[in-house]
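Asker: Residue numbers (the numbering used here), protein chains in the order written: chain A, 1 to 466; chain B, 1 to 570.
It is worth saying that the hints were derived from the structure and are not from the lab. Among these hints, one or two may not hold up.
Said to hold, decoys possible - Facing chain B, a subset of chain A residues (Cβ under 10 Å, in silico):
id, residue
1, T7
2, D50
3, K52
4, F53
5, V87
6, D88
7, P89
8, H150
9, Q152
10, N156
11, A185
12, V313
13, Q398
Claimed, not checked - Straight-line distance between alpha carbons at most 20 Å, and here's what the computed EDC-like set of lysine to aspartate or glutamate pairs gives:
id, chain 1, residue 1, chain 2, residue 2
14, A, K63, B, E169
15, A, K208, B, E148
16, B, K154, B, E183
17, A, K374, B, D87
Don't be surprised by glycine CBs; every beta carbon is placed ideally from N, CA and C.
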Amino acid sequence: MADTLLTGESKAGDWRSYERVILPPVKDLHQIDVYEQNGGYSALKAVVRDGKFDPKGLTDEVKASGLRGRGGAGFSTGLKWSFMPPVDPEKPRYLACNGDESEPGTFKDRQIFEYNPHLMIEGIALACYAMTIKTCYLYIRGEYWEYVDHVQKAVNDAYAKGYLGKNILGTDFSTDLVVQAGAGAYICGEETSLLNSVEGKRAYPRIKPPFPAQKGLWSMPTTINNVETLADVPLIVNRGASWFAGIGSEKHPGPVLYGISGHVNRPGVYEYPTGMKITDLLEVAGGARGGKKIKAVIPGGSSTPPLRWETAVDCTMDAETLREAGSSMGTAGLAFLDETVDMVSWTRRIAHFYHHESCGQCTPCRDGTGWMEKLLARIDSGEGYTRDLDLLLDLCDQMEGRTVCALADAAAWPVRWGIKRFRDEFEAKCKATSFQGADLATAGDGASGTPALVDGDKTLTPGGTP
Amino acid sequence: MPTLTIDGKTYEFEPGDKVLQFCLDHGVEVPHFCYHPALSVPANCRQCLVKAGTPMMDRETREPVLDDDGNPKINYFPKLMPSCALDATEGMVVHTQQDSEEVAEAQADNLEIMLVNHPLDCPICDQAGQCPLQIQAYKYGPEGSRFEFEKVHKPKRIQLGPNVVLDAERCINCTRCTRFTAEVTETHQLTIINRGDKNHPMTAPGETFDDAYSMCTTDICPVGALTEDYFRFKARVWEMSKTPSVSDFGGKGINVDLWVRNNEVLRITPRENLEVNEYWMPDAARLVYSTYNENRASGPMVAGRPTDWDAAFDAAADALRQSGAVLVFGSAFGTVEDNYLLGKLAAAVGAETPRYIARHDEGSGDGWLISDDPAPNTQGVERLGFSAVDAAMIGAQVEAADTVVVFQDDPVAAGVLDAAALEGKTVILFPTHTTNETLPLADVVLPVAMSVETIGTFVNEDGRAQMLRPAKMIRTANRSLMMSMGVGQGRPDRVGTPFDRWHDESKKVDCQPGWASIPAIAERLGRPMHYKTPRAVMAEAAEGHAALAGATHEAMGLLGVALETEAEPA
Ligand SMILES: Cc1cc2nc3c(=O)[nH]c(=O)nc-3n(C[C@H](O)[C@H](O)[C@H](O)COP(=O)(O)O)c2cc1C
Ligand code: SF4
Ligand code: SF4
Ligand code: SF4
Ligand code: FES
Numbered sequence: 001m002a003d004t005l006l007t008g009e010s011k012a013g014d015w016r017s018y019e020r021v022i023l024p025p026v027k028d029l030h031q032i033d034v035y036e037q038n039g040g041y042s043a044l045k046a047v048v049r050d051g052k053f054d055p056k057g058l059t060d061e062v063k064a065s066g067l068r069g070r071g072g073a074g075f076s077t078g079l080k081w082s083f084m085p086p087v088d089p090e091k092p093r094y095l096a097c098n099g100d101e102s103e104p105g106t107f108k109d110r111q112i113f114e115y116n117p118h119l120m121i122e123g124i125a126l127a128c129y130a131m132t133i134k135t136c137y138l139y140i141r142g143e144y145w146e147y148v149d150h151v152q153k154a155v156n157d158a159y160a161k162g163y164l165g166k167n168i169l170g171t172d173f174s175t176d177l178v179v180q181a182g183a184g185a186y187i188c189g190e191e192t193s194l195l196n197s198v199e200g201k202r203a204y205p206r207i208k209p210p211f212p213a214q215k216g217l218w219s220m221p222t223t224i225n226n227v228e229t230l231a232d233v234p235l236i237v238n239r240g241a242s243w244f245a246g247i248g249s250e251k252h253p254g255p256v257l258y259g260i261s262g263h264v265n266r267p268g269v270y271e272y273p274t275g276m277k278i279t280d281l282l283e284v285a286g287g288a289r290g291g292k293k294i295k296a297v298i299p300g301g302s303s304t305p306p307l308r309w310e311t312a313v314d315c316t317m318d319a320e321t322l323r324e325a326g327s328s329m330g331t332a333g334l335a336f337l338d339e340t341v342d343m344v345s346w347t348r349r350i351a352h353f354y355h356h357e358s359c360g361q362c363t364p365c366r367d368g369t370g371w372m373e374k375l376l377a378r379i380d381s382g383e384g385y386t387r388d389l390d391l392l393l394d395l396c397d398q399m400e401g402r403t404v405c406a407l408a409d410a411a412a413w414p415v416r417w418g419i420k421r422f423r424d425e426f427e428a429k430c431k432a433t434s435f436q437g438a439d440l441a442t443a444g445d446g447a448s449g450t451p452a453l454v455d456g457d458k459t460l461t462p463g464g465t466p
Numbered sequence: 001m002p003t004l005t006i007d008g009k010t011y012e013f014e015p016g017d018k019v020l021q022f023c024l025d026h027g028v029e030v031p032h033f034c035y036h037p038a039l040s041v042p043a044n045c046r047q048c049l050v051k052a053g054t055p056m057m058d059r060e061t062r063e064p065v066l067d068d069d070g071n072p073k074i075n076y077f078p079k080l081m082p083s084c085a086l087d088a089t090e091g092m093v094v095h096t097q098q099d100s101e102e103v104a105e106a107q108a109d110n111l112e113i114m115l116v117n118h119p120l121d122c123p124i125c126d127q128a129g130q131c132p133l134q135i136q137a138y139k140y141g142p143e144g145s146r147f148e149f150e151k152v153h154k155p156k157r158i159q160l161g162p163n164v165v166l167d168a169e170r171c172i173n174c175t176r177c178t179r180f181t182a183e184v185t186e187t188h189q190l191t192i193i194n195r196g197d198k199n200h201p202m203t204a205p206g207e208t209f210d211d212a213y214s215m216c217t218t219d220i221c222p223v224g225a226l227t228e229d230y231f232r233f234k235a236r237v238w239e240m241s242k243t244p245s246v247s248d249f250g251g252k253g254i255n256v257d258l259w260v261r262n263n264e265v266l267r268i269t270p271r272e273n274l275e276v277n278e279y280w281m282p283d284a285a286r287l288v289y290s291t292y293n294e295n296r297a298s299g300p301m302v303a304g305r306p307t308d309w310d311a312a313f314d315a316a317a318d319a320l321r322q323s324g325a326v327l328v329f330g331s332a333f334g335t336v337e338d339n340y341l342l343g344k345l346a347a348a349v350g351a352e353t354p355r356y357i358a359r360h361d362e363g364s365g366d367g368w369l370i371s372d373d374p375a376p377n378t379q380g381v382e383r384l385g386f387s388a389v390d391a392a393m394i395g396a397q398v399e400a401a402d403t404v405v406v407f408q409d410d411p412v413a414a415g416v417l418d419a420a421a422l423e424g425k426t427v428i429l430f431p432t433h434t435t436n437e438t439l440p441l442a443d444v445v446l447p448v449a450m451s452v453e454t455i456g457t458f459v460n461e462d463g464r465a466q467m468l469r470p471a472k473m474i475r476t477a478n479r480s481l482m483m484s485m486g487v488g489q490g491r492p493d494r495v496g497t498p499f500d501r502w503h504d505e506s507k508k509v510d511c512q513p514g515w516a517s518i519p520a521i522a523e524r525l526g527r528p529m530h531y532k533t534p535r536a537v538m539a540e541a542a543e544g545h546a547a548l549a550g551a552t553h554e555a556m557g558l559l560g561v562a563l564e565t566e567a568e569p570a
């Protein structure tokens, strides 16, 4: 294997002849009979009725497929399932399917809701079987109210046909699926926050440990999976773990929905193998709008660090490669930013989002996100100082890894890497810091060698506003 | 027992201990805000971060891996850990801010961010001087702030309920208050509303925070966000002295701190006693604070005219000496000591053991800290062998008496006696308030000190003997009271706070504790009672009554002592 994964070589194989499996081109697939005519619910039948796998066998199969969560963290799904404690007949266990999809740049789960909801429902039933779960909550982003109705209808049809509810397919396996509309905040998508929200509480994330597999919904063992993750499960059952593992990148395999937005000619959701070259995805999306040059790519939703185009051209879309490049796969929601984009304004807008969405539970995130936005707004309006950049980097240090959930990290990364990777643009918008060391923080990679005492005739005090 | 190491020192711990509580219990200070021992642990303030690790274990041998010096190698957690939520485990190594630069910096960072939108109202904030945020920012915070913007503004005065006011800007969102209503009183009256730096606690729309314990949230609020409506802007904390004592509100014997300035009780807060009230007290028990200051019976009277104490004692002694039958009322509001001496006085004049007016009213309490018994010392008098007044017999008993002694009670208001029944009798009354309805019928009036002005013992309804300490001065200088207040024989203005005006006679009530006034009468009857202090009175009472065995002031200390024997049915 090469020393570096940043080779620019696609790991997606012959992607041009790739045939879609999550969102196949079948008209009216959301209707249960159309879904059935196209092999729908055969995985459920094979497993639950015909005994293709017992619960542990199914978990092992999913583990073997290499499926990693599509909700952002990219954790091995089979491994996550295996964390559920042994079945205790006294204790209910739950599955929560995370359809809160609110990360800017992420709009793939809605495609599943709209075009192939039964694939997800079948996946949910299979996951419940694998973990011996009798109730699943499907948490759909509140703003997707049309999909709430649409998916509820699909769920009703699945119940009517005996794919959900009591004695599924005439066996003694039973599981219920409850569709719940989200409470209307980004934070509801954080898994433990989602649990509180399902319980009817304020969507504050919980501290871990205890992990949801030990104490989740109503303190009972619970697994949380993303919509797309669960939609992959029937495919794995039908075609086998090795089929799945053979698609795309070796360590991060499978089909994946890329949500492409930004300055491209045909933004949208595209299904391809993992490991696609970012440049190929640009081509898929019709190339850069107006023939402009792309300057940055956000590979996986707004929280993933932006990549300079020079780096992105060598990247493929898989966790390992993107980590090496200094970003992450996230939700595979790519945003292409062309040369017209002011990276300061962009970063400010992202910071605004995280400030607005911080649940406010913990100090560094509650008040740090607001401070960040204020600093960025000042710089963006041309009133900032170069020392503000160092302060921002310092604030990232003060927020990252010190909070209850990862929202604070999600807020800090775009700022940290925006400044690190586009510092020239930021500095161009800053007034020179009045004198070296004006920042209270020691100027590590900071104070930009500006002459002492400039900035007109204002009196200057260290660390204070002139 | 398993051990852990904190800042290089090794301690034994019980499995299940959390690191923060363990540190606090062992004198290692770690700054914190959201953690409260009686509530769940959300770890949201992020102030208590420590560096922690566990010994690296060899996978095969399951033995700790040792470094070159033979010490176990430590696997540190990749992030700093909130110690409030961190379980102590065998061999764990913890570094607090005392020991680790990294931790000290992280804590200072957190305080910097916490203060970013904090209004810093300290000059006018009721919490100032006892504010954990102020104190911890001073000790562990950064030297300055790098925040150069307008702060987020929030409502400054939200009347959450009749007794609690919220200043939302000062709130640090620790959720102690909401957890209190969710977990302790289970009224769920408070929740956090809004998001991010705009959030603060609130009631549901149209709802009032009228939880009977609402003011407990002001005690646990680590900042000046929640304040008691009755106490807002009344005093700076350092202007008041704070005396640990026991509330006379009901039979629970709630442990309190009495906050006094210029001889007025301005505020009452609960004092931790895990055996009695834990950390809590009902609002009603605080709002009695004014009863210690207002409408107080002050100065003795004979035949409706003010007089001096000697003349009043003479008059009382004369009446008792000349009287045929004497009927004595003890009091479930009085201390064990006073009632004990009253019993001795009764015996000296040939009267029966005193009776007391029982106040217990089944179902009137809340099953928790509001007792069915509004009197604080029913058990105390019962254990002295006093029996409750029997409504069917009391008429005849009064009828038969020439002189009626009423100690610290109000039989008229209680509906036990009326003017007609007392017609022609000599009434010696020890009132606390001018509103006492028996007062107009009294011939000799000897105002008695209240629980906040005396030394003495209450036995609560669960049989726990607890000691009262004087928080405010009475007009008569009394050596025992002085000693107990720490004045000794020096000048009273040397104690208390520099802001107290001890010489302000107008705020001192001219009353005497029963253990001073009752012996003064006994002395005149030729039956002197030689006690140097109430402590000696209690020691004798405990010696003489099995039901009070062990109830000495020494044993009671600050937290009281559980008495073993049941009160004997008298
Ligand atoms: C602030 C925040 C928001 C999140 N929002 C979502 C979301 O909208 N949808 C989602 O599937 N996962 C979201 N996640 C990730 C979930 O916490 C969780 O990792 C995921 O649902 C697990 O599913 P997976 O293993 O199938 O990926 C979010 C995480 C954070 C920290
Ligand atoms: S990090 Fe932010 S969003 Fe997450 S719990 Fe803390 S305040 Fe809430
Ligand atoms: S809460 Fe504390 S720090 Fe805040 S204004 Fe009041 S005294 Fe000052
Ligand atoms: S009002 Fe006080 S107790 Fe309640 S959340 Fe705010 S700081 Fe905490
Ligand atoms: S006390 Fe530990 S996080 Fe607040």
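Asker: Work down the list of hints and note, for each, if the structure agrees.
Answerer: Structure-based check of all given hints:
1. With a least beta-carbon distance of about 30 Å to chain B, the hint placing A:T7 at the interface is violated under the 10 Å criterion.
2. The criterion of a C-beta within 10 Å of any C-beta in chain B is not met by A:D50, whose closest approach is roughly 41 Å, and the hint is violated.
3. Hint status for A:K52: violated, given a least beta-carbon distance of 35 Å to chain B, over 10 Å.
4. Annotation: A:F53 was flagged as interfacial toward chain B, and the flag is violated, the nearest CB pair being 31 Å apart, outside 10 Å.
5. With its C-beta approaching chain B no nearer than about 26 Å, A:V87 sits outside the 10 Å limit, and its interface hint is violated.
6. With a cut of 10 Å, the hint placing A:D88 at the interface with chain B is violated, because the nearest CB-to-CB distance is about 22 Å.
7. At a threshold of 10 Å, the smallest CB-CB gap from A:P89 to chain B is about 27 Å, leaving the interface hint violated.
8. Against a cut-off of 10 Å between C-beta atoms, the interface hint on A:H150 is violated, since the closest Cβ of chain B lies about 28 Å away.
9. Because the smallest distance between the Cβ of A:Q152 and any Cβ of chain B comes to about 28 Å, over 10 Å, the interface hint for this residue is violated.
10. About 33 Å separates the beta-carbon of A:N156 from the nearest beta-carbon of chain B, more than 10 Å, and the hint is not met.
11. Interface hint at A:A185: satisfied, since its Cβ lies 7 Å from the closest Cβ of chain B, which is below the 10 Å cut-off.
12. Checking A:V313 against chain B: minimum C-beta separation of about 32 Å lies over 10 Å; hint violated.
13. This hint holds: A:Q398 has a C-beta 4 Å from the nearest C-beta of chain B, less than the 10 Å allowed.
14. Under the criterion of a C-alpha separation no larger than 20 Å, the hint pairing A:K63 with B:E169 is inconsistent with the structure, at around 50 Å.
15. In summary, the hint linking A:K208 to B:E148 is not supported, as the alpha carbons are separated by about 35 Å, beyond the 20 Å threshold.
16. For the hint linking B:K154 to B:E183, the alpha-carbon distance of about 27 Å lies beyond 20 Å, and the restraint is violated.
17. For the given pair, A:K374 sits about 38 Å from B:D87 by alpha-carbon distance, which is inconsistent with the 20 Å threshold.
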